[in-house]
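For reference, the chains in residue letters:
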Amino acid sequence: MVTFTLNGQERTFDGDPDTPLLWVIRDFEKLTGTKYGCGVAQCGACTVHLDGMPRRSCVTPIATIEGSEVVTIEGVSGTEADAVKTAWTGLDVPQCGYCQSGQIMSAVALLQMIPKPTDADIDGAMAGNICRCATYHRIRAAIHNAASSMEG
Amino acid sequence: MTIQDIKATRRGFLAGSGLVIGVAIAPKMLPAAPTGVHAGGDAALAPMNAFVKIGTDDTVTVLAKHIEFGQGPFTGLATLVAEELDADWSQMRAVHSPTDNKVYANLMFGLQGTGGSSSIANSYEQMRKAGATARAMLVAAAAEDWKVPASEITVQKGRIKHAASGKESGFGAFAEKAARQTPPAEPKLKDPRDFVLIGTELPKLDTHGKINGTAIFTLDITPDNLLIAVVAHPEHFGATVKSFDDAEARKVQGVVDVKQVPAGIAVYADNTFAALKGRDALSIEWDLSKAETRSSEELSADYRKLFGEKGLEAANNGNVDEAFKAPGLQTVEAEIVFPFLAHAPMEPLDAVFIKADDGSVDIYNGAQFPGMDQEVAAKILGLDETKVRVNTQLAGGSFGRKAQFGSPYIQEAAAVYAATDRSRPLKHMWTREDDIRGGYYRPMYAHRMRGAINAQGQITAWEQVIVGQSIMGKADLDSTSVEGASNLPYTIPNLRVSAHNVQLSVPPLWWRSVGHTHTGFAVETFVDELFQKIGKDPVEGRLALLGEKPRHAGVLRKAAEMANWGSPVPEGRARGVAVVESFGTFVGQVVEVSVGPEGAPRVHKVWVAVDCGVAVNPNVIKAQMEGGVGYGLGAVLFDAVTLAKGGKIVQSNFHDYRSIRINEMPDVAVEIIKSSEKPTGVGEPGVPPVGPAVANAWRRLTGAPVRQLPIVNIVSA
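Chains as they are written, first to last, in the working numbering: chain A, 1 to 152; chain B, 1 to 717.
Please keep in mind that the hints were generated in silico from the structure rather than gathered at the bench. Treat the numbers as computed from the prediction; the structure is a model and nothing was measured.
With a straight-line cut-off of 30 Å between C-alpha atoms, the simulated BS3-like cross-links for lysine-lysine are:
#: 1; chain 1: B; residue 1: 355; chain 2: B; residue 2: 251
#: 2; chain 1: B; residue 1: 177; chain 2: B; residue 2: 161
#: 3; chain 1: B; residue 1: 177; chain 2: B; residue 2: 157
#: 4; chain 1: B; residue 1: 157; chain 2: B; residue 2: 190
#: 5; chain 1: B; residue 1: 325; chain 2: B; residue 2: 305
#: 6; chain 1: A; residue 1: 30; chain 2: B; residue 2: 387
#: 7; chain 1: B; residue 1: 190; chain 2: B; residue 2: 177
#: 8; chain 1: B; residue 1: 167; chain 2: B; residue 2: 177
#: 9; chain 1: B; residue 1: 310; chain 2: B; residue 2: 290
#: 10; chain 1: A; residue 1: 30; chain 2: B; residue 2: 355
#: 11; chain 1: A; residue 1: 116; chain 2: B; residue 2: 605
#: 12; chain 1: B; residue 1: 102; chain 2: B; residue 2: 188
#: 13; chain 1: B; residue 1: 251; chain 2: A; residue 2: 30
#: 14; chain 1: B; residue 1: 259; chain 2: A; residue 2: 30
#: 15; chain 1: B; residue 1: 305; chain 2: B; residue 2: 645
So that you can see chain A by itself, here it is in the shape it has in the complex (with noise of 0.2 Å):
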C-alpha cells in the first residue's frame, strides 16, 4: 500500500507496486489531463510535479512516491501557473494539444525555480517536452510574456 497526495488530497494505491505513476494518475484515479506519449521518458507528455519537481510520472514506479506530494494539470495553481496559462491562451499554443499538459507542467516549474529565463533556460527546461505539432515557437513565446506578467 502507498500512500501519496494527489492535488492536495491523500491518496492510496494497493495494485502492483512496479505500476508507473502515469498509469495510477489516469487508470486508478481518472485524472487524464497527464498523457502518455511514450513510456521511456523521452516526451514529457506525463510531466507532473513531484514534490514541487517536474517528474516524468511514467518512468516513476508508484512504491517510490510514498508520501510524495504529487500534482498535475488539474491541480496545478499559484501565480506561476495563472500566469503560463493566461499566456498560453492570448497565444494560443496548443495545435492538437495532447502534449499541453506536460509543457505546461514543465514551464510552471521553470518558473517557479527562474523567474525571469533566457532562451537557454527555457531550453533546458522544456527540450524533454515533445511537441509533435512543433509548437515550440509559441511555447517560447508564451513562457517570456508569462515571465514579464510576473514582475512588478
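Starting from the known structure of chain A, arrange chain B on it as the hints suggest.
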C-alpha cells in the same frame, strides 16, 4: 491533391455537392456517456441545419465535419458560420459532427473525411451557407414574433434588432422557433468586402480545454469496468505468429485474457500497466517466411537499379534525349534517397468500444475517415452499419497517420474487441513502439535527377526518375509519387519525369504533404544546384523561370523581402531558399543556417510567405506554417525508420526516432499574401519548402550537397 482520389476506391458513396439544408440531426440513441465523453449534441440546442445548432443560452454550436487534431477546423469552420450568421465570436462553440458519409461528406472526396489540406477549401461556401441559412431562419422567427417585415430586421454581433420598433433579442430566445422555419432555398452570402470575422485573428475555440487538462482525447475515455488491450506485433513487416506461450503473461496481476488476433497476440487487462507488463511477458515465435527481409540499404540499391529502366511517364515535354545530346552542354546529375518516415503523432493510435443494451456498438476514436471506420468495424463486429456509431474525438495529431484506406487500424482494434464477449467496454491502444514500428510510413523513395545547362547558362533539359511505393496501391502511375515534379513550376523547354512503383510489404501512407515531402526536396535542391553552377542568384534564378507562375513568384519575392535577401549574412551562416506549391497553397521560405554542435545544420531563422487565397483565420494559418516548418525540419534533420540486415525494424521510440525539440526549433516569421482567391489549405503546405531550403543553405555553407536524408546521418557518418 490526389488524396481526393480516395473516392475512386469507394463504392456508391458519391455524395451530392452543395448544402444539405434543413436536415435536422436525427436523434440518436446514445448510451449513457462514459466518463470524459462530450456527447456530440445537447438536447437543449435547436438544430438550424446539419451544421448549426443554437442554444437557448445564445450559444451557437457548429458541428464540424472535419476532425480537430490541431490544424484548426473547429475554429475555421466556426468562423465561416459565424461570419454569415452575424454571430459574436464569444458565443461560438464547435463539436465533431456525427458520422454520415452523405450529410457530412468532404465535398472534395465524396465521403466524410479530413485530409489533403481540404477542410476549409471544401467547406468555404458550404459553411457560409449554413450560417446564412441559420441567420435567415432566426430573422424569420423574429419577424413572425415581432410582427414586422423580415427585411427590416438586422443582425449584428449576435443581436437581432428591429430599429423602428426598438425590439432587440439574442439568438437563444428564437432558437426553437427558428428551427421550425422553412430554410431559404438559396441563402444570400456576403460580399467578401463586408466580412467582419473572416480575415481577423480570432482566438481558437479549442485552446481552453487544452491548457487545463479537460480536453478529452480517445485515450482519456474511461468508462467503468474498462478492459485495456494491447497487441504484440512482429518486428518484421509481413511476419505472422508461428507459436506463442502466454503462461507468464497470464500470471501478471490484472491480466484478464490473452488471444491470438490477426494483428498478433492481444493481451487484455484491467489496467494499462498490467496489459503492457503482460505483453512484455509473452513469448512469441514469428513466421518470417513471407516477411520483408531486405534492409533499407538493400532496398536503396534495388531502387537505384531501376533508374536505367523505362518507367511510367509522368511528364514529357520537348525532347529530353535530344536536348542532352546538344553540344557544349554542362550536365549535372544527382541521386537522392529518402527514408521511410513515421508520422509519430503525440497520441498513438487508440479506440474505445462500448456495447449498448441493444447490441449496437459505439466507437470513440480520432476518426479521420469516420464512415470508413464505421463500415470496416461493422463488418468485423458482425453488425449492420447502422448499429455502429463512430464518435469522432479530438486526436493528438495525425499528420496523415489516421487517414487510411480500409481503416487497417480500426480493423485491428475491432478484431481485438470482437474476440471478447463485449460485456466490458474495451480500449485498444498502441504504444509508441507500436507506432514507430507499425508501418504506414511515408515510403522510401530514390530520385535520379539530370539537368543540362547550355553555353548561355540556360537550363535546357531536366530529367527526373522517381522510384518508390505507390501510396494509392496503383499498378500504373500514382500521381502522389510525382506531384510537384511532373508539374514542375519552372519553365524548362525539355522536361521528362517518370516513376517506378515498387512492391513491398512495408505498408505506405501519406505523410503530411504527401508527394511533396520528397519531390519538393528533390526539385528545389536540384534547381538550386543548377543555379549555383550557372552562377545565378537562387531567388533571381527562380523568378526568371517562374514567368507563368505568379503566385509562386509572389511568395518567393515576399519571403526574400522579409529576409532582406542579399543583405550580409552573419559570419558562419548561409541562407537558403525554396518555394513549393502543395494543395493549391503557395509557400516560399528563406532559412538561415550555421553548422550546429553535432556538425549538423543549426537553423536559426525561417521566413515564410504563404498564399492560401482568402485568409480565413490568420492566427491558424500562421500556427500551421510554424508547425509545418518544425515538423518538416525535424524529419529532414533527424528522422528515418530503417530496416536492419534481415529486415528487422531498427527504431522504436523517440530516443532513436528523434523529434525536433524546442532547442532545435528556429525562430519563424510568417506573412500572408493578401488574396481574394478561394481559400486553400494550410495544414500541409508549410512542410515541403523547409527541407530543401535548409539543404540549399547547407550546400552553400559547406559545399556538400544533401543526397541522403536525414542530414544528421550524413554528417555523423
